[in-house]
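Peer 1: Protein chains in written order, with this note's numbering: chain A, 211 to 762; chain B, 211 to 762.
Possibly wrong hints are sitting among the right ones.
Identical chains share a label here; the pair holds if one copy fits it or two copies do between them.
[Stated by the list, open to error] Computed cross-link-like contacts, DSS-like style, restricted to lysine-lysine with a CA-CA straight-line distance of at most 27 angstroms: (1) 673 x 448; (2) 560 x 473; (3) 473 x 463; (4) 560 x 231; (5) 612 x 564; (6) 509 x 589; (7) 509 x 724; (8) 300 x 379; (9) 379 x 509; (10) 240 x 654; (11) 612 x 589.
It should be emphasised that the hints constitute simulated quantities derived from the structure, not laboratory data.
2 protein chains.
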Amino acid sequence: MKIALAQLNFIVNHFDYNRAKIAHAIEQVKSKGVDLIVFSELSICGYPPHDLLDREDFVLKSHNSINELAVICKGITAIVGAPSLNTNPKGKLLFNSAYVLSNGIISSIHHKTLLPTYDVFDEYRYFEPNSEFDIITVKGIKIAVTICEDLWDDQPVTSSFARGRLYSKSPMDQLKNLDPELIINIAASPFSYNNADRRKSVFVNNVHRFGIPVIYVNQIGANAELIFDGGSMVLNRKGEILEQLNSFSEEIKIIDTDLLESKAAIKDDGDAEIIRISKIYDALKLGVSDYFNKMGFTKATLGLSGGIDSAVTLAIAADALGSNNLRVLLMPSKYSSQHSIDDAVALAEKLNVKYDLINIQDIFDSFNSGLANIFTGLKEDITEENLQARIRGTLLMALSNKFGHLLLNTSNKSEAAVGYGTLYGDMNGALSVLGDVYKTDVYKLASYINRNEEIIPINTIIKPPSAELRPDQKDSDSLPEYDLLDRILFSYIEEQKDPDTIIAEGFDKAIVLKTVRLVNINEYKRFQAPPILRVSSKAFGFGRRMPLVARW
Amino acid sequence: MKIALAQLNFIVNHFDYNRAKIAHAIEQVKSKGVDLIVFSELSICGYPPHDLLDREDFVLKSHNSINELAVICKGITAIVGAPSLNTNPKGKLLFNSAYVLSNGIISSIHHKTLLPTYDVFDEYRYFEPNSEFDIITVKGIKIAVTICEDLWDDQPVTSSFARGRLYSKSPMDQLKNLDPELIINIAASPFSYNNADRRKSVFVNNVHRFGIPVIYVNQIGANAELIFDGGSMVLNRKGEILEQLNSFSEEIKIIDTDLLESKAAIKDDGDAEIIRISKIYDALKLGVSDYFNKMGFTKATLGLSGGIDSAVTLAIAADALGSNNLRVLLMPSKYSSQHSIDDAVALAEKLNVKYDLINIQDIFDSFNSGLANIFTGLKEDITEENLQARIRGTLLMALSNKFGHLLLNTSNKSEAAVGYGTLYGDMNGALSVLGDVYKTDVYKLASYINRNEEIIPINTIIKPPSAELRPDQKDSDSLPEYDLLDRILFSYIEEQKDPDTIIAEGFDKAIVLKTVRLVNINEYKRFQAPPILRVSSKAFGFGRRMPLVARW
């Protein structure tokens, strides 16, 4: 039997587009003798649809689109993800379903059993868990159709307190009684740089438990915070990976089940850390380009300071959107060093990005004049530092408003964690590119960008980080060195370790307590931050829901 | 038997405070011969704890606090809400539990069965549903202990597409087999102005189904967006309300179960609409004061424009925080009318609030000079309107930074819905007071505030709304009249009706489609809005999760 894995990029709520894309893929592979084509989870409506699932017209459009697709499924079977109505009058209104389309009709519907409701996932908000199990037969082969989390009943976790067995039932324990010869898993599994190995181990473990091959079809494409990397796979009954589809781009791959036994496993190679950084880069690039493409925007701006964060953001944006779609501002103050301006100019010129320079001193002076009566006799403090950042944020928004360039935010995760940034100032932006990338990884991204030639000026990489908001300011004046800070942050945020545990591992007590306190008391700032492209297992944003009002 | 209903205000993660408050209440009522005291859901840790439930130290502190409380429960039984560990190795790690403390120990633990996972609730994110049922006996009376949603297995809903029976099982169907004589329900049920009747009907329906009295103990107090109103109740076996505790303030009420039969039902009275507005007012006042109290802040600022929104916000803030804790800015531009300035001054003086006036023209000019090279030959547009709003937002943040006044946001729900506001400008603020109040209700709040004397100048109430960002601008230039707009918005947002349905109800097609489109395309603005005090059944913020990237 020939099976096509259709790893495609869908747009949430764009039924015409998604349906046409699916229909095109069906027609395309039908002409190549494919018997079964498999699309990803909720492919007809795009994932994640969030609260659109609460709307009747959305569910109706999904339903109608599936019916239209069924008509063209003659001489081929298609598995398409879509919500379906729960006909039981009790329980959630919907199921998260896989529709099997063949002979021009919906031949069966299979519902998701395990509904991820943690981190960025809210599936029990909308869906009733499945409790009835059946398999399908295509060309005489019995297939268990599962949806994403259905195979994740025992999963590796990053946090020390989290558990891997989140469900009391396992759908495969039911399905195995029906003697399937193949497991198909349709998914919308987002990228995180520590997820690739977890995913692989989940599939390998399932193969080992049930002794049958697995075909995994994942969505690709970014939808705001979430970046779906694709990387669809075919595993044989030994748990070897025979095929792995592209990461971060669409692909339709046709396999022949008769050849599964004889095919050689693909090999992992390359340095793990280089692969990790290159994947983060590719993820961010896709995150930026899909945000713009799917929203119908083309042009971007940002504030180029001469520092590492804006440099890396610009390089990624130039790659994602094209240099000719970028226009940036250099906005020095009297505290800005000449080398910062020079570095910013050098980068803009290297990348062929249009730039303008606005010295903010006069605007800063006008604010100080306006505030003089109120601030009489008071000395300069954080107020004036924030004021500079807010003037820059306002200038960037003016450019954005006038010319239609979306503002890219350039803050990194280390800063976002400890609140080292100005709300309504440098925290502005339609999208945060680096908000889930720790500062130490921002440096690694810079080196990766420079791997073939010096794109980001070496001076930007080697100089001590500074916000340049007061004379001779350095980040290390108020924060621990980033190498140390990032390790503490990772322990506290990703691994969810208690401060006492982190201290017991050998970190300085005062630094740990200060860092943890800064993370906690800056929840209010992150509440109003732009959407952050998620590349880790625990990003700030939708997947991390901390109380805003609490005692720390 | 004497039962105390302890309707108290807890602080999330403040175990010392919450434990001391609970212990104090226990000691207090013990001296009055009370047999059983009942606290609200998750009282030991505060509700909602959100992702703190994923942290080991948080769960451990809850556990230790419960153990400390158990020790003092001698000669009295206490029911206290807290998370507990799920000892089954499969399933979510925690239960949402009611601990029964008596004879100095934890005598039993009862878990929540129905886990609300919709709107602002995320309970299945953390908790395993209960599957074992038992009752307790206190002074010979058999009591079914339930937790909030456990009695909401069949609930009235606002949205036309939502269903009221979200669960396939009902805990009371199990518990009734154990012949309870009384139902106790501990809750953390947030206020919404359309929720009071729903709540009442849920309890009355339960009484009618099971023919036994219900004692309902709800949390009071605000935690960021969510405002818990208390309003704890005692219902007799006929479904009559015998006691109703304070709304929006703490109260400990002692009742005698022997007297339940003979006591007369309390009567609802008053004009429903006046009660609705007064409750919204009380809710917002509590929302403001608790945000400040629990965060350890006292002082607030805002931009006073002479318009209705900032006037109502200021009146509420003055009531919540005290006039002496407020300091506001008037920031006229050349487009500001003299009557706006006069109205703002009149209100500040009436409320005894310190105010300063900063004309923003010079700052505006300095921005225009800075941008002149870039904007050469281009005419004024929305850019310059936003610039004014951002200058004001920046000035307010400067005052906030310098003096420690938190900025209150003054946007209303109608504006937030259609994106009539400037990000990083008038959308700034630590807390949005009116962001869940439609403009038409803002006017009603103004009348309510003026019910005894003219506090808000009548001119502020009667003049046509205007942002005053260009000559002779009126809101009605770009928006439908608010009376019409708000009805369309309520249909689309609260009732989740499709545009076609709204049009079929007689609204103008072009206006409906324009309004709905504005709501959808402004998701990105609301993403970065401050936390909004929630008073409706569907507020912008945590309870409304729409995709940011989607096709509309």
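Peer 1: Evaluate each hint against the coordinates.
Peer 2: Comparing the hints with the structure gives:
1. With identical chains, the CA atoms of residue 673 and residue 448 are never at most 27 angstroms apart, being 51 angstroms at best within one copy and 77 angstroms at best between copies.
2. For a Cα distance limit of 27 angstroms, the shortest separation of residue 560 from residue 473 qualifies neither inside one copy, at 46 angstroms, nor across copies, at 84 angstroms.
3. Taking the shortest Cα distances, residue 473 and residue 463 sit within 27 angstroms of each other inside one copy (15 angstroms), while across copies they are farther apart (75 angstroms).
4. Within a single copy, residue 560 and residue 231 get their C-alpha atoms no closer than 38 angstroms, and across copies no closer than 64 angstroms, so neither meets the 27 angstroms cut-off.
5. Taking CA atoms no more than 27 angstroms apart as the test, residue 612 paired with residue 564 passes inside one copy only; the shortest distance there is 16 angstroms, against 37 angstroms between copies.
6. Taking CA atoms no more than 27 angstroms apart as the test, residue 509 paired with residue 589 passes between copies only; the shortest distance there is 21 angstroms, against 41 angstroms inside one copy.
7. In this homomeric assembly, residue 509 and residue 724 come within 27 angstroms of each other (Cα to Cα) only across copies, at 25 angstroms, whereas the closest approach inside a single copy is 40 angstroms.
8. Taking identical chains as interchangeable, the C-alpha atoms of residue 300 and residue 379 lie at most 27 angstroms apart whether they share a chain (20 angstroms) or sit on different chains (8 angstroms).
9. In the homo-oligomer, the alpha carbons of residue 379 and residue 509 never lie at most 27 angstroms apart, since the shortest distance is 48 angstroms inside one protomer and 52 angstroms across protomers.
10. In the homo-oligomer, the alpha carbons of residue 240 and residue 654 never lie at most 27 angstroms apart, since the shortest distance is 45 angstroms inside one protomer and 63 angstroms across protomers.
11. Taking the shortest Cα distances, residue 612 and residue 589 sit within 27 angstroms of each other only across copies (10 angstroms), while inside one copy they are farther apart (36 angstroms).
Taken one by one, the earlier hints fail for this structure at numbers 1, 2, 4, 9 and 10, listed in ascending order.
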